[in-house]
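Undergrad: Residue strings, one per chain:
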Amino acid sequence: METKEFTCIRCPLGCNVVATLEDGRIVSITGNTCPRGAEYVTNELTDPRRIVTSLVKVTGGAHPVVSVKTASDIPKGKIFDCLAALRSVELVAPVRIGDVVLADVCGTGVDIVATSNVQ
Amino acid sequence: MEKDLVIIGGGPAGLAAAIAAKEAGVSNLLILERDNKLGGILNQCIHNGFGLHTFKEELTGPEYAARFIDKALKLEIPYKLETMVIDISRDGDFKMVSYMNREEGLVTVKAKAVILCMGCRERSRGALNIPGYRPAGIYTAGTAQRYVNIEGRMPGKEVVILGSGDIGLIMARRMTFEGAKVKLVAELMPYSGGLKRNIAQCLKDFDIPLLLSHTVVDIKGKERVEAVVIAKVDENSKPIPGTEEEIKCDTLLLSCGLIPENELSGGLGVGMNRVTGGPLVNESLETDIEGVFACGNVLHVHDLVDYVSEESAQAGKKAAEYLGVNEEKDSCDKERCAIKETGGKSDDKDTEKADHFIKINAVDGVRYTVPSVIRLSHMEDRQTVRFRVGAVYKKAAIQVLAGDKEIMNLKKAALAPGEMEQVILQKSVLESIPDLEEVTIRVKTD
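Chains as they are written, first to last, in this note's numbering: chain A, 3 to 121; chain B, 289 to 734.
Any given hint could turn out to be false.
[Unchecked claim] Calculated lysine to aspartate or glutamate pairs in the EDC-like style (CA-CA distance at most 20 angstroms, straight line):
no. : chain 1 : residue 1 : chain 2 : residue 2
1   : B       : K484      : A       : E24
2   : B       : K344      : A       : D75
3   : B       : K344      : A       : E41
4   : A       : K6        : B       : D358
5   : B       : K683      : A       : E7
6   : A       : K78       : B       : D493
7   : B       : K484      : B       : E346
[Unchecked claim] What follows is a list of derived Cβ distance ranges for each label pair:
no. : chain 1 : residue 1 : chain 2 : residue 2 : range
8   : A       : G63       : B       : Y479      : 40 to 48 angstroms
9   : A       : T22       : B       : P722      : 36 to 44 angstroms
10  : B       : S377      : A       : S90       : 50 to 58 angstroms
11  : A       : V20       : B       : S377      : 51 to 59 angstroms
12  : A       : G100      : B       : E725      : 51 to 59 angstroms
Since the hints were derived computationally from the structure, they do not count as laboratory data. Backbone N, C-alpha and C define an ideal beta-carbon position, used for all residues, glycine too.
Isolated chain A (complex conformation) (with noise of 0.2 angstroms):
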């Protein structure tokens, strides 16, 4: 039998939630205080995921960078592939809060959207 800690960052209450493994296998989650802190402790063990957000080059708008974020997670090993991909991109202002700057980033099937305008 094996523990391990996490600190669940799904909200800022951030559980200490503690995963018991045998064999690798998850066999018991305690100290999370709702369902999505087990979700977090299961991804984190098998397929560990993040929101990633950044900047993007703008042009021709009342600022030089928008900020933009992956529409929902992805995997915690793309992250820095995610952002170097970032830096090559660059907008034409005027850009929408949701408008979708990259389509499928580095292959992860999700989307990098504005988080801001830029008139």
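Fit chain B to the supplied structure of chain A, relying on the hints for placement.
TA: Leaving out everything else, chain B in the frame of chain A:
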């Protein structure tokens, strides 16, 4: 110019307060904002994690701000940008708000009520007394955040962060994303001042060390930061000789606490709470000057914007009540109640009693409460009381006493200074205790 309500600041607090006031019927109102757009600090907080309470979804800062800005625009709430309030004073019952901008010059608005929503600012190097030269490369975390996220410029390549407040933790990840090497985060206290999830997702995810009970004792470099010297500190936060270590870097970010920005409140003569650095307020979030309300980070520094919005909506609603927008309806309701309860005869003694103050004591680990006093006559059925604790507690409880009677005992697996706590007081419970003068909130440990 005469206004019923002037709201000072167009960040999350000002927007929520204005929306609530407008929805409660205040139409002659005005938001004054010094930046060139509404939304305040949220505009530079491009990370996600906002709005889980308010919208039941996870938004980034600009998206959260946009929801409120859109609503304010839809409600046609008037606002002025790049407008700096420089003074608030009293003229009888009126509040004279003086502001300045490029188009109008210096203008004074006569307001019946004011809501203070100026937010907070970061503790700067000057306030920290770090020895050493004054080279380029030292920024507060929020300043660096603005450079990176709004202006698209990187402040440096090799970074040390002093202080583990949330902005510092968020910037550790942000700078890493932009290709900088964040060498470590040093925290003076034996615990972090930031949210646990931020330590997990901003430091641990990228193997950035967090050194607790450490501080910066020297900054090397004359033109530009070349290195900082960190040292371990003892239980009195004094550096321990012999533990110094030089860390090569070109940038030092400071995330050492936020201070409510209350110069205007001070000038007006509002009574202040020495613990929070914000005004003292009652259940209506009204200061000791009638018609002057406060909410958001100018009142006390919050951990989540969702709570700022909630608190500020309450301030907006209460300001509307003060302005008597619902006066007619209210007095009708009161009359009706009076008729129902006393058969048409109002009882003077009851009215007197209803106006009495209940003081809220913060003791045994509870550093302060907002509000600090409750007038039963103005209390809603449920009153949220927010506070912070002064140390880290494991397996403790928040105990609420009305007089000396326990009315609440909330078990907590952990309590930490970095996280705001709250209890909800029921009006019916307080009313059921005769001659109640004090409510006490404390941390109970076994």
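Undergrad: Which of the numbered hints above does this structure break?
TA: The structure breaks hints 1, 4, 9; every other hint is satisfied.
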